[in-house]
Structure formats: C-alpha cells, structure tokens
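Q: Protein sequences appear in the order of chains A and B. Quick note on numbering: full-length UniProt numbering labels position 126 of the first sequence as 126, and the sequence is numbered without any gaps. Quick note on numbering: full-length UniProt numbering labels position 137 of the second sequence as 137, and the sequence is numbered without any gaps.
Every clue listed holds true.
In silico contact screen, one side only, chain B against chain A (beta carbon under 10 angstroms); selected entries: (1) Leu10; (2) Glu17; (3) Asp21; (4) Ala23; (5) Gly27; (6) Asp155; (7) Arg157; (8) Leu158; (9) Thr159; (10) Ser161; (11) Pro162.
Please keep in mind that the hints were generated in silico from the structure rather than gathered at the bench. All C-beta atoms, glycine included, are put in the ideal place defined by N, C-alpha and C.
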Amino acid sequence: MNRHLSTRARETPPSGIRRFFEVAEEMDDVISLGVGEPDFSAPWAARTAAIDSLERGRTSYTSNRGRRDLREAIADRVERYDQYYDPDDEILVTSGASEAVDLAMRALVDPGDAVAVPEPSYISYTPTVSFAGGDPLPVRTRAEEEFALRYEDLERAGAADAETLVLCYPNNPTGAVMSEDGLAEVAEFVEEHDLFVLSDEIYAALRYEDEHTSIATLPGMRERTVVFNGFSKAYAMTGFRLGYALGPPEVIGAMNRIHQYTMLSAPTTAQYAAIEAIKACDDAVEEMRRAYDRRRRFVISRFNELGMDCFEAKGAFYVFPKCPPGWEDDEAFAEALLQEEQVALVPGRVFGESGEGHLRVSYATGMNELKAALNRIESFLRE
Amino acid sequence: MDDKRELLDLLLRDARESPEDIARQTGLDAAAVETLIAELEAEGVVRGYQAVVDWDRVDEEHVQAQLELNVELDRETGYEEIARRIAKFPEVSSLRLVSGDFDFAVDVEGKSMHDVSQFVSERIAPIPEVTQTVTHFVMETYKERGIEMGDTDEDDRLTFSP
Numbered sequence: 001m002n003r004h005l006s007t008r009a010r011e012t013p014p015s016g017i018r019r020f021f022e023v024a025e026e027m028d029d030v031i032s033l034g035v036g037e038p039d040f041s042a043p044w045a046a047r048t049a050a051i052d053s054l055e056r057g058r059t060s061y062t063s064n065r066g067r068r069d070l071r072e073a074i075a076d077r078v079e080r081y082d083q084y085y086d087p088d089d090e091i092l093v094t095s096g097a098s099e100a101v102d103l104a105m106r107a108l109v110d111p112g113d114a115v116a117v118p119e120p121s122y123i124s125y126t127p128t129v130s131f132a133g134g135d136p137l138p139v140r141t142r143a144e145e146e147f148a149l150r151y152e153d154l155e156r157a158g159a160a161d162a163e164t165l166v167l168c169y170p171n172n173p174t175g176a177v178m179s180e181d182g183l184a185e186v187a188e189f190v191e192e193h194d195l196f197v198l199s200d201e202i203y204a205a206l207r208y209e210d211e212h213t214s215i216a217t218l219p220g221m222r223e224r225t226v227v228f229n230g231f232s233k234a235y236a237m238t239g240f241r242l243g244y245a246l247g248p249p250e251v252i253g254a255m256n257r258i259h260q261y262t263m264l265s266a267p268t269t270a271q272y273a274a275i276e277a278i279k280a281c282d283d284a285v286e287e288m289r290r291a292y293d294r295r296r297r298f299v300i301s302r303f304n305e306l307g308m309d310c311f312e313a314k315g316a317f318y319v320f321p322k323c324p325p326g327w328e329d330d331e332a333f334a335e336a337l338l339q340e341e342q343v344a345l346v347p348g349r350v351f352g353e354s355g356e357g358h359l360r361v362s363y364a365t366g367m368n369e370l371k372a373a374l375n376r377i378e379s380f381l382r383e
Numbered sequence: 001m002d003d004k005r006e007l008l009d010l011l012l013r014d015a016r017e018s019p020e021d022i023a024r025q026t027g028l029d030a031a032a033v034e035t036l037i038a039e040l041e042a043e044g045v046v047r048g049y050q051a052v053v054d055w056d057r058v059d060e061e062h063v064q065a066q067l068e069l070n071v072e073l074d075r076e077t078g079y080e081e082i083a084r085r086i087a088k089f090p091e092v093s094s095l096r097l098v099s100g101d102f103d104f105a106v107d108v109e110g111k112s113m114h115d116v117s118q119f120v121s122e123r124i125a126p127i128p129e130v131t132q133t134v135t136h137f138v139m140e141t142y143k144e145r146g147i148e149m150g151d152t153d154e155d156d157r158l159t160f161s162p
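Given only the sequences and the hints, what does the whole structure look like? Please build it.
A: In structure tokens form, the structure reads like this:
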C-alpha cells in the first residue's frame with residue numbers, strides 16, 4: 001500500500017505530541033496543560049448569529065473571498081493595529097488561519113525555496129513549507145532573549161538566502177512577543193535581503209502589557225507581508241474554523257486562486273458568527289483576556305517558585321518554563337510527570353531544537369485545574 | 001483597573017482563593033492582598049462570603065420562594081423602616097426595593113412549602129403597611145449568582161492540541 005502514498009505524505013512525520021496524546025487518552029484524572037485552545041466557549045452573541053443564520057436557511061456558498069460584510073468588518077477591526085486593507089482585494093477569508101498559512105506557502109514558495117522559520121515554532125509551519133515544495137530553514141531564537149527574533153539570529157541561520165520568513169508573535173509555544181524596535185530590526189533584515197514575510201498574528205488580541213504591533217505597519221513592509229489572523233483564539237471560536245489573510249492584492253489574489261479550487265469558501269455559518277463577533281463581542285474578548293492575564297501571572301510565579309525558570313511571557317496563552325534542575329531532557333520529564341502525576345505538558349523539542357529543555361504550558365485552563373496541576377508538579381519535584 | 005476592583009472580581013469568582021494565590025495572579029504581594037481585603041471588609045464593601053449551593057443535590061427538603069410585596073407608606077413610616085423590619089426575619093434571604101408593579105422583591109427560604117406559606121401569611125401579610133403579597137415558589141434554579149446549576153460541563157477538548 002505504501003508505494004501508492006506520495007513521497008510527501010510518507011515523509012511527513014506525525015506531530016510530536018501524538019505519542020503523548022495516545023498515552024494521556026488511556027489515563028484517568030489527567031490534568032492537561034497541553035491544550036492550545038481557549039477553555040471558554042464562543043461569546044453567546046456570536047453563537048446566536050450562527051444559529052440565526054441556520055434558521056434563515058443561509059446555507060449556501062459565499063464568495064470565494066468571504067462575505068463582503070465580513071471583509072468590511074475585518075478591515076475595520078484591523079485598523080486597531082494600524083493596518084489598512086481593502087476589503088475588495090486585500091482580504092481573504094479562510095477556513096481557519098491554518099488554511100491561510102497553507103495557501104500563502106503554496107502561493108509564494110517554489111520547489112527549493114528556503115523559508116526561514118524561527119524556532120521554537122508552531123508545529124504546522126515546517127510541514128506546510130514542505131507541502132509547498134520548499135525547504136524549511138530553522139532560525140534558532142534563545143531563551144536568554146526571551147525567544148524574540150534578532151537580526152543576528154537571522155544572520156547566523158543564513159536567512160539572507162531565504163525567500164520567505166515566517167513570524168508568529170505573540171508566539172505559540174513560548175508566549176514571546178516582539179517590541180516595535182525588535183520588529184524594526186527584523187524588517188531591516190527583510191528589506192536588506194529582499195525577503196517576503198508571513199506574519200501569523202492569531203494571538204494579537206492576547207497581549208498583556210502593551211498593544212500589539214504588526215510588522216506590516218512598519219515602513220516598507222506592507223507590500224512584502226501577508227498577515228494571518230482569525231477568530232479561534234481571541235473569540236474562543238476554534239471549532240468555527242474561520243481565519244483570514246491580509247496582504248497585497250497580487251498575493252491575496254494568488255492565494256484565492258488556490259483557495260477557490262480547494263476550499264471554495266470558508267464555512268458560511270461561521271462567517272455570520274464572525275461578523276457578530278467583531279461587532280458585538282469586544283467585552284467578552286476583554287473579559288477572557290483579563291482571565292488569561294491572571295492565570296499567566298499565577299503560572300509564571302508558581303514555576304519560578306518551583307525552580308523551573310520561566311521568563312515573563314507577555315502574549316498568547318502559553319508559558320515556556322525550563323525543565324527543573326536535574327532534568328535535561330524535556331521529553332523524559334514530560335513523560336515522567338504524565339505517568340506519575342497525570343499532568344500533561346508538551347515537551348519543548350516538539351517545536352524545534354531550540355525548544356529542548358523547555359516545556360510548553362497552556363494556561364487556557366480553569367484556575368482550579370491550574371492550581372491542582374502546579375501542586376502535582378510540586379509534589380513530583382519533591383519526591 | 002485598580003487593585004480593589006480586581007480583587008472584588010477575583011473574590012466574586014472564588015471567595016476561597018488564598019491571599020498567596022491572589023497575589024500570584026495580580027502581581028501584588030500576599031500581605032498587600034490581605035490588607036486590601038481587610039480594607040474592603042472594614043469599608044463595608046465586602047459584607048460576607050457564602051457558598052453557592054445547588055439545593056437539588058442536598059438530601060433534605062429546601063424550598064425557595066420569591067415574594068412580591070406592595071406596601072403603603074405614611075408620614076411616619078418609609079420604605080427604610082418597613083425593610084428593616086422584614087429583613088430581620090431569618091427566613092428572608094434577600095430583600096430589595098424595586099421599581100415596577102410592586103415595591104419589595106423578597107427571597108424567602110424554608111424547609112417546606114407549608115413553612116414558607118405560613119411565614120408569609122403569619123409574619124409578612126399582617127405587617128400593617130403591607131397591602132398585598134404575591135408568592136412565587138421556585139420550581140427549579142438554573143443559575144445562581146452567576147453560576148450555572150445542573151450537570152457540570154465536561155471539558156471535551158483534546159488532551160493536546162496545536
């Protein structure tokens with residue numbers, strides 16, 4: 001049978017968290033901090049808009065690019081990050097930000113093109129580069145720099161020869177954010193070496209100390225950047241599978257050409273929910289953001305008390321503590337913790353070599369579970 | 001947001017949080033949290049701490065009723081005096097002056113419907129200023145002080161996800 005599979009499919013390794021998932025599924029009483037999705041439900045107003053759209057029988061395809069009123073609402077919304085995009089030809093509504101990433105890779109990457117992917121990185125970037133025929137080029141970032149991307153990191157990795165650079169800030173898995181100055185440094189490199197940027201800003205609304213800056217707003221960057229965003233994280237709408245891409249008309253047009261032959265259009269019901277989310281759910285987003293912020297402070301403080309060095313992640317809903325002293329191997333630590341205390345964390349190496357020795361901890365989990373999980377980790381470390 | 005307001009939000013969500021855990025969430029230190037809570041209590045902002053109970057799961061009878069009260073005021077007797085008198089009854093769990101078709105909304109609790117009816121007819125109705133009572137027995141509670149009753153929602157998210 002295997003001979004019928006494409007080389008690409010055969011050579012794609014399973015997700016690094018798969019094995020842990022299978023072990024955890026067999027166990028009772030697991031507290032999982034491995035979940036990369038909000039523990040809140042979508043705001044009720046968005047859900048009722050979805051129900052209403054179904055009751056009215058709005059079940060047809062929409063325009064390939066997405067409903068125009070949704071694109072207009074998105075254009076209005078991204079203005080909060082100083083981004084200006086034309087709903088007619090600079091916005092594409094996709095089935096989750098993940099589809100947008102895949103479309104952009106396929107629209108921009110030719111076989112053999114190098115795509116620089118800063119590590120630790122979200123697990124989908126490297127495979128989607130490969131699916132598009134490109135060569136992923138890992139760019140290591142460092143814990144001492146709080147996993148922000150520096151000019152020197154790009155230089156050291158040889159990203160000058162890459163065609164494209166992927167950014168994800170606020171970052172999954174580290175929770176790292178980039179300051180405007182830090183982004184300007186990256187932009188300088190990008191311009192000097194004529195790279196194109198894919199900026200995944202799905203966690204933009206989840207920043208805890210200052211406002212999000214998009215690299216696309218820096219001088220000279222708009223025309224060489226596609227920004228991804230969506231409704232999964234900020235609005236807790238993961239299951240709606242709705243995202244969008246913002247970028248220059250030529251690139252969005254190319255992405256749409258692929259999109260119209262594959263996905264055709266994003267789910268219609270989800271698009272109605274998304275319009276309502278943008279228009280009426282700011283308070284719900286702010287309430288969730290504040291809850292995450294409290295949990296963030298709590299987990300960082302607890303990990304540091306336990307001797308698991310944890311830098312102050314300022315975005316998304318992850319922290320990335322180091323393994324405790326005496327534990328070099330993040331995978332061994334995560335496995336022992338899961339077996340002995342039924343606490344599920346994700347080993348940092350899943351997100352690339354520079355994640356080794358760290359653990360991804362999602363705090364998109366209720367305070368009671370977080371407290372219990374940290375207590376279990378404490379008792380594990382005492383033994 | 002100021003610290004006291006944030007503290008109120010946390011206590012409203014879970015009044016049993018320890019000062020240490022509140023400190024970890026807010027960035028204050030535990031001593032400062034204790035001081036602020038003491039201040040909120042002394043100022044009369046925080047009046048007490050109670051559990052939210054789903055009585056359907058308690059193995060004894062417990063009856064709740066909502067009472068609409070109309071009263072007639074005179075020169076000597078205002079809402080305040082009447083309220084003070086009604087609030088003293090241990091059967092009354094909450095008492096509010098409201099706008100609309102009646103004057104006071106009263107929550108009454110007792111061990112049986114008979115208890116509650118008797119309380120209304122023998123203690124409330126005879127108060128001279130009370131002109132009318134309407135009693136609504138609570139048949140089912142779905143939400144109480146922001147907390148939903150019924151079966152606890154299971155977390156159906158995957159154990160791990162991207």
